[in-house]
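Colleague: So the sequence shown is numbered by numbering that gives the first Met the number 0: it starts at 0 and just counts up by one.
Below, simulated DSS-like cross-link-like pairs (lysine-lysine); rule was C-alpha separation at most 27 Å, straight line:
| id | residue 1 | residue 2 |
| --- | --- | --- |
| 1 | 36 | 7 |
| 2 | 3 | 36 |
| 3 | 69 | 3 |
| 4 | 6 | 19 |
| 5 | 33 | 19 |
| 6 | 7 | 33 |
| 7 | 33 | 6 |
| 8 | 19 | 36 |
| 9 | 6 | 36 |
| 10 | 7 | 19 |
| 11 | 19 | 3 |
| 12 | 33 | 3 |
Everything labelled a hint here was simulated from the structure, so no lab data went into it.
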Amino acid sequence: MNEKIIKKAEGLSLQYDSEKDRITFLTGFVEGFKHLKGTGSGEIYETGKAYGAREFHEMTSRRDDRAFRKAMKQKYNHTNQERIK
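Construct the complete structure from the given sequences, taking the supplied hints into account.
Modeller: And the structure:
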């Protein structure tokens with residue numbers, strides 16, 4: 000988990016008034032992000048877990064998009080080099 004994701008989770012947790020609720024949210028977030036077996040329960044925990052899972056899927060989607068663009072760029076450059084020769 001990088002700093003940007005941690006800061007986002009901390010920002011989301013600030014919507015809760017008590018420190019216990021913030022910690023519960025962050026616990027759910029980390030468990031959702033890391034696909035860990037759930038250890039908590041309750042609405043705040045489940046919300047954190049849902050946000051964590053969503054953030055993980057967004058991150059992997061961006062990574063897959065970058066890998067696809069890189070592969071297509073390499074294929075295009077390789078094809079162009081063959082034409083030039």
